[in-house]
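K.L.:
Produce the complete structure using the sequences and hints provided.
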Amino acid sequence: MRKNYKLSITNFKFLISAIGLLMIASPAFAAEATKPDTGDTAWILVSAALVMLMTPGLALFYGGMVRRKNVLGTIMHSFMAIPIISLQWILIGYTLSFGPDISGFIGSLEWFGLNGVGLTPSHYAPTIPHLAFMIYQGMFAVITPALISGAFAERMKFSSYVIFILLWTTFIYDPVAHWIWGGGWLAKLGVIDFAGGLVVHVTSGISALAAAMIIGHRKGYLQDSMPPHNLPMTVTGTAILWFGWFGFNAGSALSSGELSTMAFVTTHIGAAAGTVTWIIVEWKHRGKPTMFGAATGSIAGLATITPAAGFVGPMSALVIGIAAGSICYIALNSKTKLGYDDSLDAFGVHGVGGIIGTIGAGLFASAAINGINGLYFGNPQQLINQLIGIGAVAVYSFVLCAIILKVVDALVGLRVDEHTEVQGLDIVLHGEEGYFI
Amino acid sequence: MRKNYKLSITNFKFLISAIGLLMIASPAFAAEATKPDTGDTAWILVSAALVMLMTPGLALFYGGMVRRKNVLGTIMHSFMAIPIISLQWILIGYTLSFGPDISGFIGSLEWFGLNGVGLTPSHYAPTIPHLAFMIYQGMFAVITPALISGAFAERMKFSSYVIFILLWTTFIYDPVAHWIWGGGWLAKLGVIDFAGGLVVHVTSGISALAAAMIIGHRKGYLQDSMPPHNLPMTVTGTAILWFGWFGFNAGSALSSGELSTMAFVTTHIGAAAGTVTWIIVEWKHRGKPTMFGAATGSIAGLATITPAAGFVGPMSALVIGIAAGSICYIALNSKTKLGYDDSLDAFGVHGVGGIIGTIGAGLFASAAINGINGLYFGNPQQLINQLIGIGAVAVYSFVLCAIILKVVDALVGLRVDEHTEVQGLDIVLHGEEGYFI
Amino acid sequence: MRKNYKLSITNFKFLISAIGLLMIASPAFAAEATKPDTGDTAWILVSAALVMLMTPGLALFYGGMVRRKNVLGTIMHSFMAIPIISLQWILIGYTLSFGPDISGFIGSLEWFGLNGVGLTPSHYAPTIPHLAFMIYQGMFAVITPALISGAFAERMKFSSYVIFILLWTTFIYDPVAHWIWGGGWLAKLGVIDFAGGLVVHVTSGISALAAAMIIGHRKGYLQDSMPPHNLPMTVTGTAILWFGWFGFNAGSALSSGELSTMAFVTTHIGAAAGTVTWIIVEWKHRGKPTMFGAATGSIAGLATITPAAGFVGPMSALVIGIAAGSICYIALNSKTKLGYDDSLDAFGVHGVGGIIGTIGAGLFASAAINGINGLYFGNPQQLINQLIGIGAVAVYSFVLCAIILKVVDALVGLRVDEHTEVQGLDIVLHGEEGYFI
Amino acid sequence: MKMVTAIIKHFRFDDVRKALTDIGIVGMTAIEVKGFGRQKGHMEVYRGVEYEVRFLPKVKIEVAIPDEQLDKVLDVILKSAKTGDIGDGKIFIYDLQDVIRIRTGERGEEAI
Amino acid sequence: MKMVTAIIKHFRFDDVRKALTDIGIVGMTAIEVKGFGRQKGHMEVYRGVEYEVRFLPKVKIEVAIPDEQLDKVLDVILKSAKTGDIGDGKIFIYDLQDVIRIRTGERGEEAI
Amino acid sequence: MKMVTAIIKHFRFDDVRKALTDIGIVGMTAIEVKGFGRQKGHMEVYRGVEYEVRFLPKVKIEVAIPDEQLDKVLDVILKSAKTGDIGDGKIFIYDLQDVIRIRTGERGEEAI
Ligand SMILES: Nc1ncnc2c1ncn2[C@@H]1O[C@H](COP(=O)(O)OP(=O)(O)O)[C@@H](O)[C@H]1O
Ligand SMILES: Nc1ncnc2c1ncn2[C@@H]1O[C@H](COP(=O)(O)OP(=O)(O)O)[C@@H](O)[C@H]1O
Ligand SMILES: Nc1ncnc2c1ncn2[C@@H]1O[C@H](COP(=O)(O)OP(=O)(O)O)[C@@H](O)[C@H]1O
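Chains as they are written, first to last, in numbering that gives the first Met the number 0: chain A, 0 to 436; chain B, 0 to 436; chain C, 0 to 436; chain D, 0 to 111; chain E, 0 to 111; chain F, 0 to 111.
Treat the hints loosely; a few may be bogus.
Once the Cα atoms are required to be at most 30 Å apart in a straight line, the calculated DSSO-like pairs of lysine-lysine come out as [claimed, not checked]:
no.: 1; chain 1: E; residue 1: LYS33; chain 2: C; residue 2: LYS218
no.: 2; chain 1: D; residue 1: LYS17; chain 2: E; residue 2: LYS33
no.: 3; chain 1: D; residue 1: LYS33; chain 2: F; residue 2: LYS1
no.: 4; chain 1: F; residue 1: LYS39; chain 2: E; residue 2: LYS81
no.: 5; chain 1: D; residue 1: LYS39; chain 2: F; residue 2: LYS1
no.: 6; chain 1: E; residue 1: LYS33; chain 2: E; residue 2: LYS78
no.: 7; chain 1: F; residue 1: LYS78; chain 2: E; residue 2: LYS1
no.: 8; chain 1: D; residue 1: LYS39; chain 2: D; residue 2: LYS78
no.: 9; chain 1: E; residue 1: LYS39; chain 2: C; residue 2: LYS218
no.: 10; chain 1: B; residue 1: LYS218; chain 2: E; residue 2: LYS39
no.: 11; chain 1: F; residue 1: LYS33; chain 2: E; residue 2: LYS33
no.: 12; chain 1: D; residue 1: LYS33; chain 2: D; residue 2: LYS71
no.: 13; chain 1: D; residue 1: LYS33; chain 2: D; residue 2: LYS17
no.: 14; chain 1: F; residue 1: LYS1; chain 2: D; residue 2: LYS71
no.: 15; chain 1: D; residue 1: LYS81; chain 2: B; residue 2: LYS218
no.: 16; chain 1: F; residue 1: LYS33; chain 2: C; residue 2: LYS287
no.: 17; chain 1: B; residue 1: LYS283; chain 2: E; residue 2: LYS39
no.: 18; chain 1: A; residue 1: LYS218; chain 2: F; residue 2: LYS39
no.: 19; chain 1: C; residue 1: LYS218; chain 2: C; residue 2: LYS334
no.: 20; chain 1: E; residue 1: LYS1; chain 2: F; residue 2: LYS39
One-sided and incomplete, this derived list gives chain E residues near chain D with beta-carbon spacing under 10 Å [unchecked claim]:
no.: 21; residue: LYS1
no.: 22; residue: ILE7
no.: 23; residue: ARG11
no.: 24; residue: PHE35
no.: 25; residue: LYS81
no.: 26; residue: ARG100
Rather than coming from a laboratory, the hints here were simulated on the basis of the structure.
Built from N, CA and C at the ideal position, the CB exists for glycine as well.
P.N.:
Structure (structure tokens):
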């Protein structure tokens, strides 16, 4: 104990001096260069706030789906991703993702602790302060690991979860973000991903699949009744997600004007088409349209349109949304046959949706909108690029996520013991209860 | 069955080719003309997102008021209006409302499927992309039929509801929007309606009255106890509505600056005055001030200030809000004597509020703010215009809504059977339950 | 009775004529002068909407923490502050706070009823309409007294609460806002407070301490079990508060660009650091990390970074957030030893956080960011200024709040009777119940 | 004395209460329960996973009465709770050894 | 053996529990119920529509005890649950035929 | 006839139901209760204030049966509800004077 304590004091002292240096270093933001545009900056800050809100939205979306005894533990997975990944981001995540490129694979540590990241616009977004771009991107890094938590809901140790998301973000999210948005090898190859079909949804969705397979199903899965304990909470989360997604997609224009407008419109159409399609298919298939289905369909539509949002037109968005609603519906309804327990369908919605949308961008991108044509407009190469992107990101995510999970499992164990699972995470891990109603 | 299937395949093929054509046609958005203003565009996109959020806000507002067994069915009425009406809007609703005028009564189908609606600003709003205007207006079309659903909550068939809102939007909302905002006959006559007192609240509120009368009261109305099952949910919805209403009213300036500021301020004052008035009147009348009353008063204030928001000054907004709080209070407290069961008071709040506010605009509009004077500032004609507007919209809405409901009733029936009403819509129509708490 | 009634008619007539005059007077907004900037105005209106949303967010935050029987009464405290203080603000609050200065202590009544407050930008914010500045500041006035309500939750009379917040805002908030933001004596002295560490959090937090001491603890405090009845509701409130805080802090730049970006980034970092620190300390101290702790830590971080947000850099925000999480944790965990029942920790979070943050600004302000250096950057005087500010505001708030409470107690009584406290405020004071689930 | 407990359908609850008060019963206690019986439940499907809901919500009413009121009470419950459909519920009758009113300490039939 | 069930006011619940454990009762079961009795309910008005709330929330406590403890238990409940106001509730006493502890299979008084 | 009521752990509920239906029991009623017993509760800390949670959630199952089924039913519940840990719960057996099926008016064993 003694030793340990000393160690952490030393670490702490080191950290303090590092922060102290950065406190002096970083405010070198001479505003001599280009003044940011007020409208663009307003739009990006609003978008950053909207994307921030999505993570608690996800907390409610997921929280309503689990059993009452796990509501706080589930909410906490999403909620804690906000502060933990935000700190990771300002310290090392941002520079790994967007810092000066190292051979197309990763950003250098030059911008460690936001060193040199100031208020002068960067080449990433020439009309807004560099820090505005940084914080906006940070909100994406936050929500992505939180999405995975749906796969192992109701049975993962909180301590392991914290370690997992730190490793996952550093070793999966940051590199992949660099490959595509930080000027890395996939960007050079010509892969397009407007707002994170690959970077956000495929990484998290495929990792969710790996996680569900490795951690195993919940005790009593497919035998006991495990209906969502609070669907109005899930609907509230859905509403917040849809609302926030305008910041996610239209904000990815990194400016306010034509492109943000187009992405806003296609996002809404994709969501609408996903929802209506889901309800129609469900009604035909099961005989009853459900509110839970409508909520799921809208998230499927939103996830799917994400990579295409700023590349395609309104009618293409309609087609992509229809594909989202029908294919994700099939994915979810095939799940029970496949044996793994992706409890809240992180793979079925985000993995599948991200892949469809990335292909959709390759099919329907139109140069009239954002300079790049897809297959439908005569450029088959773009579809090939997209497929390469999907393959690279999916394989990388799956393999690395499996390794990370195995390592965490070996070190501290991934899964709670049976007693905890039976009693519920809220009481045993967190010592609190969701409701005294 | 076989035939039917073929038919829908054919339909589907047709739809696909139409969409295919539009996918190629629509992206002809040369950005050669005026560049949109970044600040104005940011404001309209934010406003569009805010108005989108209002519909799920309404879902919570209404959802909290019904009995537990109908919470999902009620939420679904509002929620499904988003995707269904959004698709109607991009296909035909927008062009019917805002497309090139046909004799002042309706827009032509020239802009079917957003054909020709691009990123170049339109004459409706010269500093933002045409598509931004389109999507912003679409959010209004979405929430309006959802408002009506309060009148027939807890007893309408979901399938009939879907048909109803499609017909209602096409035959009532779209024409009336054209008359007033699309350059139609009421606009030419000089009727003013800043953000939808007539177009949104009178159309939906009067239709709600027709609907409540036609569908009949809930089983057990005024005999059984039917208190709201979750008032905190209703308060959450109220908060979201108030928040979103800033986009609704201040966004209706279609630009960011003086007019949006004035509409923002009058909106907030109207809501505040409506709430305080309601609470005072209720306290005097019933002896106790209620949270539910405060929530209702705020929505009454917001609905009422809507048509006047960008035409009147702060002190006029105060007067309008006081009128809203007191008159809507009286309307709701007289309801039980009138015999119809407008279950969630869609008429009492939106119908009555919309009428008061439209008159309020005619009384207190000030040319110093938006070029038009009302009676109080020496222009009695404006009040007459407003009364004509109210009469025309109310009669049209009532008659057409009654016809639509009768037709839907004859074709598929409006009302669930008694067993369903007793068991609750959630289990019987949707096969799911709101809570397992 | 008769007399009373007459009196109020006379009052009412007087009010009506005053409003009538103002209706004519106020719209003298010639737009001849500087045109507002569209981006800046968009940002401030969005920020105003965000800050408005914080008060219902607080309603949920607090509402989830009390016992089920008091959920509506607690929500109502926050909710009713919106309309009541908004009306106070437009009538007298704004002019008392920001009207032409009288000897550094208070604003004159020149702008009574917004007279002369128009759409031309003011010297407070030269690129946005004066009314935009007015309404934005009004949202701050609204939330501040609502924060105090946490101290006397579950036992204060609603009628006394209404009187209390009106007096409190007029005699404490308005003057203190004038001292610091309205060009009063503390501003002249050089005290800095970016977004309300002193004006909002110290005033309300210290008043909460006075209130908790004067009103006495809840019946059964520390004996009966009083766990929060709905923690997911509290988390929802936390999310809304965090989201809204971007408008609170980054909006306080009163423009959109570099300063708003910096304040946005430091706000998020402060919140993140507060949350992570809280969880670590709690985990070490109590053995379990809780969702309630994470929510509390994030609000502590947000409250603490508030006065420093636009003066310090990202790494300083990190340090301030760490201080917030650890010191507020200690404050809350010492509470039970101190004997007073600050039921929802309005003092422990806002009072303590506001003081830390105000000191933090004095320590870490950097001229490179906003023209002023703190101790760490070589200017010890700033720290002294800040300490004077804290002393003056804390003493003034404590003494005046105690006087106001004593007066209200003498006149109408502060506390409900025992029967009401046992039955719950919802049924007895408001005649309604939160849930029928 | 007898304790009559009846498991009934939710929406008959108000009628049963009214019918009982009409014959002079001034006290009763109600409890939300979940019933399993001949009335079959239903399936609910959540995102492709099917759950059988076997237990249906019912209300249990407990009425303590003097022996001589038994027949009247049973009669009244039978009439007011009956819909004729399966799942109408059951009445269970127990012997009650004693009753005490807490406020006054009265015992036996007086305490009812 | 006897099963003593007491319908009491919510806020007396903690006192009753304490009083019972003080005399050595180590087990009991509590249930939320809604009571209807001499204590009248109240009106609630929601948007102009009045509803009478007739059933008030109460707690029902069930304690299984050996016969010889009956008097002490009744005495303790009477004292700790009483406020003297109407609606204090009632105690019902049943004969218990047998008790079994599931964990061990013990039966009768040992199982209590 | 007997009324067998068993207070059991939540997560044994489904097994007990299955076991009972397997031996032909077609009706039962379940109630959420809070139990207090040898199984100690736990502490919960909310913002620095500690509360002891003494009452744990349990399910109470009520099954009315003819006398001759008693042993089988007890046996089945004992087996299916048992985990061997403290807090497994208790079975209480009451004499049931009469049962009536509301739908048909049948009485006695036929009504079960
Ligand atoms: N043997 C039993 N023991 C306890 N409760 C029973 C029993 N049988 C039925 N019940 C209760 O009575 C309710 C109605 O019984 P059910 O068999 O569905 O209909 P019916 O009584 O009309 O035949 C059930 O939901 C259950 O709560
Ligand atoms: N005959 C009865 N059968 C069952 N429960 C009863 C009966 N009478 C009263 N109760 C229960 O006892 C509670 C208190 O009774 P009430 O008549 O209000 O007050 P008091 O016992 O003080 O006269 C009621 O709310 C109800 O739950
Ligand atoms: N004397 C009693 N009267 C009523 N219920 C009891 C009694 N003793 C125990 N119980 C119920 O049985 C449950 C289990 O009892 P407990 O003492 O915790 O475990 P065990 O039965 O395994 O010793 C308790 O939670 C309580 O609901």
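K.L.:
So, for every hint listed, does it hold in this structure?
P.N.:
A quick look at each hint next to the structure:
no.	hint	in the structure
1	E:LYS33 <-> C:LYS218	24 Å, holds
2	D:LYS17 <-> E:LYS33	16 Å, holds
3	D:LYS33 <-> F:LYS1	20 Å, holds
4	F:LYS39 <-> E:LYS81	28 Å, holds
5	D:LYS39 <-> F:LYS1	24 Å, holds
6	E:LYS33 <-> E:LYS78	22 Å, holds
7	F:LYS78 <-> E:LYS1	25 Å, holds
8	D:LYS39 <-> D:LYS78	23 Å, holds
9	E:LYS39 <-> C:LYS218	25 Å, holds
10	B:LYS218 <-> E:LYS39	26 Å, holds
11	F:LYS33 <-> E:LYS33	16 Å, holds
12	D:LYS33 <-> D:LYS71	27 Å, holds
13	D:LYS33 <-> D:LYS17	23 Å, holds
14	F:LYS1 <-> D:LYS71	24 Å, holds
15	D:LYS81 <-> B:LYS218	18 Å, holds
16	F:LYS33 <-> C:LYS287	25 Å, holds
17	B:LYS283 <-> E:LYS39	24 Å, holds
18	A:LYS218 <-> F:LYS39	25 Å, holds
19	C:LYS218 <-> C:LYS334	17 Å, holds
20	E:LYS1 <-> F:LYS39	24 Å, holds
21	LYS1	7 Å, holds
22	ILE7	7 Å, holds
23	ARG11	9 Å, holds
24	PHE35	5 Å, holds
25	LYS81	6 Å, holds
26	ARG100	23 Å, violated
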